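Chains as they are written, first to last, in the working numbering: chain L, 170 to 906; chain E, 83 to 253; chain Z, 1243 to 1346.
Mixed in with the good hints, there may be bad ones.
To be verified - Below, simulated DMTMM-like cross-link-like pairs (lysine to aspartate or glutamate); rule was C-alpha separation at most 20 Å, straight line: (1) L:LYS402 with L:ASP810; (2) L:LYS609 with L:GLU692; (3) L:LYS607 with L:GLU684; (4) E:LYS165 with Z:ASP1300; (5) L:LYS819 with L:ASP829; (6) L:LYS790 with L:GLU692; (7) L:LYS819 with L:ASP806; (8) L:LYS394 with L:ASP310; (9) E:LYS165 with Z:ASP1339; (10) Z:LYS1333 with E:GLU166; (11) E:LYS250 with Z:ASP1339; (12) Z:LYS1333 with E:ASP161; (13) E:LYS165 with Z:GLU1340; (14) L:LYS395 with L:ASP541; (15) L:LYS394 with L:GLU378; (16) L:LYS395 with L:ASP806; (17) E:LYS195 with Z:GLU1340; (18) E:LYS251 with Z:ASP1339; (19) L:LYS394 with L:ASP541; (20) L:LYS195 with L:ASP310.
Honestly, the hints are just simulated from the structure, not real lab data. Being a predicted model, the structure only gives us computed values, none of them experimental.
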Amino acid sequence: MNFLDQIWLIPLFPLLGAALMLLLGKKLDPQPESEVAVAPGVEPIYEHGHDAHGGHDAGHGHDHGDAHAGAHGHGHHHSPLRFLVNLICPGMILLSFIFSAGAVYQLAQLPHRVHQVIQFTWLAGLPFHMANGQIATFSADWGFLLDPLSSVMILVITGIGFLIHVYSTGYMAHDNGYYRFFGYLNLFVFFMLMLVLANNYVLLFVGWEGVGLCSYLLIGFYFHKKSAGDAGKKAFIVNRVGDAGFVLGMLLMLSVFGTVRFTDVNAILRNGHFTAETAGFGVLSAMSLLMFFGATGKSAQIPLYVWLPDAMEGPTPVSALIHAATMVTAGVYMVARSAALFQLTPHTSTVVATIGAFTAILAASIALVQNDIKRVLAYSTVSQLGYMFLALGVGAYWVAIFHVFTHAFFKALLFLCSGSVIHAMGGEQDMRYMGGLKNKIPVTHWTMFVGSVAIAGIPGLAGFFSKDEILWQTYSSPQGSQLLWGIGLATAAMTAFYMWRLMNLTFYGPSRAAEDVQAHIHESPVSMTGPLTVLAIGSVFAGWLGVPKLWSLFGEGFRSFESWLAPVFASAAAEAAKEGAHDASTEWILMGFSVAIAVMGITIARYFYYHKPGIPDTLEKKLRPLHGLLYQKWYVDEIYDFIFVNGLCKGGGLLLGAFDRNVVDGGVNGAGWLTRFTSRISMWWDTWIVDGTVRFTAFFVKMLSYPVCILQTGRVQAYAFFILVGAMAFLGYYVAR
Amino acid sequence: MLDTVLFYIFGVMTLLGGILTITRRSAVHSAISLIVSLLGVAGLYLLQHAEFLFAVQIVLYVGGIMVLFLFVIMLVNLDLAAKERQFNRQWLVALAAVLAAGAELGYFFYRGKDAFRLADVAAALPGAEALGNTEMIGNSLFSEYLLPFEVASLLLLVAVVGSVVMAKKRI
Amino acid sequence: MHPITTVHYLALSAALLLIGTVGVLTRRNIVIILMSIELILNAVNINLVAFSHMLGPDHPQGQVFAIFVITDAVAEAAVGLGILIALFRNKETVLADEIDLLKW
Chain L
170 MNFLDQIWLI
180 PLFPLLGAAL
190 MLLLGKKLDP
200 QPESEVAVAP
210 GVEPIYEHGH
220 DAHGGHDAGH
230 GHDHGDAHAG
240 AHGHGHHHSP
250 LRFLVNLICP
260 GMILLSFIFS
270 AGAVYQLAQL
280 PHRVHQVIQF
290 TWLAGLPFHM
300 ANGQIATFSA
310 DWGFLLDPLS
320 SVMILVITGI
330 GFLIHVYSTG
340 YMAHDNGYYR
350 FFGYLNLFVF
360 FMLMLVLANN
370 YVLLFVGWEG
380 VGLCSYLLIG
390 FYFHKKSAGD
400 AGKKAFIVNR
410 VGDAGFVLGM
420 LLMLSVFGTV
430 RFTDVNAILR
440 NGHFTAETAG
450 FGVLSAMSLL
460 MFFGATGKSA
470 QIPLYVWLPD
480 AMEGPTPVSA
490 LIHAATMVTA
500 GVYMVARSAA
510 LFQLTPHTST
520 VVATIGAFTA
530 ILAASIALVQ
540 NDIKRVLAYS
550 TVSQLGYMFL
560 ALGVGAYWVA
570 IFHVFTHAFF
580 KALLFLCSGS
590 VIHAMGGEQD
600 MRYMGGLKNK
610 IPVTHWTMFV
620 GSVAIAGIPG
630 LAGFFSKDEI
640 LWQTYSSPQG
650 SQLLWGIGLA
660 TAAMTAFYMW
670 RLMNLTFYGP
680 SRAAEDVQAH
690 IHESPVSMTG
700 PLTVLAIGSV
710 FAGWLGVPKL
720 WSLFGEGFRS
730 FESWLAPVFA
740 SAAAEAAKEG
750 AHDASTEWIL
760 MGFSVAIAVM
770 GITIARYFYY
780 HKPGIPDTLE
790 KKLRPLHGLL
800 YQKWYVDEIY
810 DFIFVNGLCK
820 GGGLLLGAFD
830 RNVVDGGVNG
840 AGWLTRFTSR
850 ISMWWDTWIV
860 DGTVRFTAFF
870 VKMLSYPVCI
880 LQTGRVQAYA
890 FFILVGAMAF
900 LGYYVAR
Chain E
83 MLDTVLFYIF
93 GVMTLLGGIL
103 TITRRSAVHS
113 AISLIVSLLG
123 VAGLYLLQHA
133 EFLFAVQIVL
143 YVGGIMVLFL
153 FVIMLVNLDL
163 AAKERQFNRQ
173 WLVALAAVLA
183 AGAELGYFFY
193 RGKDAFRLAD
203 VAAALPGAEA
213 LGNTEMIGNS
223 LFSEYLLPFE
233 VASLLLLVAV
243 VGSVVMAKKR
253 I
Chain Z
1243 MHPITTVHYL
1253 ALSAALLLIG
1263 TVGVLTRRNI
1273 VIILMSIELI
1283 LNAVNINLVA
1293 FSHMLGPDHP
1303 QGQVFAIFVI
1313 TDAVAEAAVG
1323 LGILIALFRN
1333 KETVLADEID
1343 LLKW
């Protein structure tokens, strides 16, 4: 079986799953429409003591540790064919994973680890003029490119995707629209695979848009809730804004290079035609900046990150898959894929790094004070994505991908655990009403523990290796700076703190939940805890694939990630950058710093939230303005709302409405008024001038006639007199001549 | 000399009669004055050796027209009219205009006095007494002016018919 | 005594003409107006005869013309008086001033 040649099957399987769901889903799993789709974690968190069972039936009392392989069927009548859904959708993803693994294995055997398969020319060639006057043909093919970079991505997507599918069979068991959910998930995986497997930017963009669409569909899954619909819209629209930049960048690329295929573009960029634009801001910098703008939309960086926290309206598996592991890393992938371009544009790279760093710290600061468990994780995602972009910006491309890899594990783990917690709490998401769950949901607790340790950057687990490498590269790379390193470090401290705040509030200490909620706390079924365990193991060991050079005692084998990705990012400039200041002792010191910071963060969190729970409240009261600022997410949403939504949209709408009413309608009315006015003038003219002339003529004649009338007396003698006068006048004239 | 005296007598008669005609209140008086004036004119004709015309004037004018006038005066009963105001309102203007016309005529005379042998004494009467006045008029009338003669007769016919029609009580 | 020339006759004729004109224009009584017209015609006749006489006995044209004038005067007087009678029957007046039906 030549997996390499059958790459096209990898995205096809999920597509098939989605199509089957679309066509047959309703038959397989019909659910009564009257049941509104409500799942644990949907209710808003501001109602304390609200019966989180909301739309569930009253008869929802299931015993703990219930190990169902499939549906939780209490009080809901599930179709017996539901197992088919469970079989088809996760099964398709499993097939994709198997094929991906096979393809990657075969790729590794190749001497030159690039395998491009062009299925057919998708967009026919349209000739056009490039920027330098040459004629090029715009054509995009439906082709797949498997190289180390995309191989990492497809393994992550399909592997973690499969685990999340399995998890969802347990989590979404109570929901209406079960088949719809899985259909959308499969569709998402299809688009994501298209994105990472594409061999040209246009096909990548297809995947890009597709995952945006699926994100919208999945965020707004509980479409009966207005907030979910709004969140879906927000996600899509903000993404769209970024996409505009992406498309512009792509078109600029087309005009400059004449092609959008990755291999061709990289060849053009690396063969010396273009020199690094260190001096000013040239066309390449514009191109890369535009594409990065698109990435900010997809990967939730400043200024387009605002959709990600709201995206938590969707079900938790969605948050795990899309907004932790895969979709949000699409931007990182795209920038990494365009590494050749970014390597030539140091200014844009600086922009990327700066934005990444500031996003990281901004999001971390907001996460410090959030009360919704999923919100904390959402901001954590934004923050970690900032790290990835920081890595990309300083030229450490493989490190960014490495962080994507490890982050996928522990963030998906954290989200799924939080879903498990919410499930256990019967829908409660506010951490203030949790606590003391450690003994009640042990599996969830331990897996989440592993995940938190990983993200905090404790040595030995996944997050440590990748995060530390990012910090080191930021410090040492010529494109990095100490300021950025400092920001990264501070963010690491905050990360540790808020994660352990979450842990303490959720699992440790006394339970602050309502009595009836406490009674219902139960561990999740195996369908949910199984993936958690797998991911936890992954979180521990995934990092060992990218051990830094420093730990050379572990041998070359453990540096496989870097070497695996090396051919993708290889270029003279990159090599030179990386071999820069590689001072061993500095690295150790910095490593020590970051570990110490992490430990400190953990300790402080433990102190605040376990030992002395009163301290946070006093701090909050003392620093009320700061707290308010952080809690309200730095008012960014409000500002955006004011400027863009209300300002541009509503204000623009009002303006346009005013424009329409006053100018356009005014014009029409004015035309009507003008017509009436001119008609009045015309009427006046007609009455007074035209008729006036006629009447004046008559009047004039009449006036002339008055003297004549006087002459006509009717008396003959008067006439005789005039005859005499006339005759005499005549004669006089002739005699006088 | 006799001519001169007679001329002046007849002239005065004519003019005086005319003036009286236009100024009398009573229509009969005016008629009588007119008769006198016509007689004076007849005399003037005679002085100018227009015997036929003299006769015609007497017979026709005085004997015909003036009698007609008198008949009509009697017919229309002018007693009432005699009590009215006699001169109309435009008499002053008319008088002025006529005097101007008179002045104008005088001017005509003055300008044209060389055109005619006006100063000559009238008619030296060379031996052209071969034909008498009446005979001469008759010759002229029936040869040279035959057509006007006939037309004049037609005119008289029309006048007769017309006056009869006009004066009838019922047409 | 100076001899009577044609001028005298012309002057006389002119005077008679003017008298007649005054009468026409001034008197209100229509009969008098008609009589004044006769005066004017006679003045014309005098003029004609004077010129005829001036030209000599072999020029009777003036007198012939004068005959025609008299004929005309006759016709006119007859018809005019006829009109007067008709007018008198209808309007009971012989005053020219009072006949202004054709006033504007």
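Comparing the hints with the structure gives:
1. L:LYS402 with L:ASP810: 14 Å, holds
2. L:LYS609 with L:GLU692: Measuring from Cα to Cα gives roughly 7 Å; hence the hint holds.
3. L:LYS607 with L:GLU684: 17 Å, holds
4. E:LYS165 with Z:ASP1300: 52 Å, violated
5. L:LYS819 with L:ASP829: 14 Å, holds
6. L:LYS790 with L:GLU692: Violated - the C-alpha atoms of GLU692 of chain L and LYS790 of chain L are around 36 Å apart, more than 20 Å.
7. L:LYS819 with L:ASP806: Given that 20 Å is the threshold and the Cα spacing comes to 16 Å, the pair holds.
8. L:LYS394 with L:ASP310: Violated - the C-alpha atoms of ASP310 of chain L and LYS394 of chain L are around 41 Å apart, more than 20 Å.
9. E:LYS165 with Z:ASP1339: 15 Å, holds
10. Z:LYS1333 with E:GLU166: 16 Å, holds
11. E:LYS250 with Z:ASP1339: 25 Å, violated
12. Z:LYS1333 with E:ASP161: Given pair LYS1333 of chain Z, ASP161 of chain E holds - Cα atoms ~16 Å apart, limit 20 Å.
13. E:LYS165 with Z:GLU1340: Judged against 20 Å, a Cα distance of about 15 Å means the pair holds.
14. L:LYS395 with L:ASP541: 19 Å, holds
15. L:LYS394 with L:GLU378: Judged against 20 Å, a Cα distance of about 24 Å means the pair is violated.
16. L:LYS395 with L:ASP806: 18 Å, holds
17. E:LYS195 with Z:GLU1340: Not satisfied, since the Cα-Cα distance of roughly 44 Å exceeds 20 Å.
18. E:LYS251 with Z:ASP1339: Between LYS251 of chain E and ASP1339 of chain Z the Cα gap is close to 24 Å, so the pair fails against 20 Å, i.e. violated.
19. L:LYS394 with L:ASP541: 18 Å, holds
20. L:LYS195 with L:ASP310: 35 Å, violated
The structure does not agree with the numbered hints 4, 6, 8, 11, 15, 17, 18 and 20 stated previously, though it agrees with the rest.
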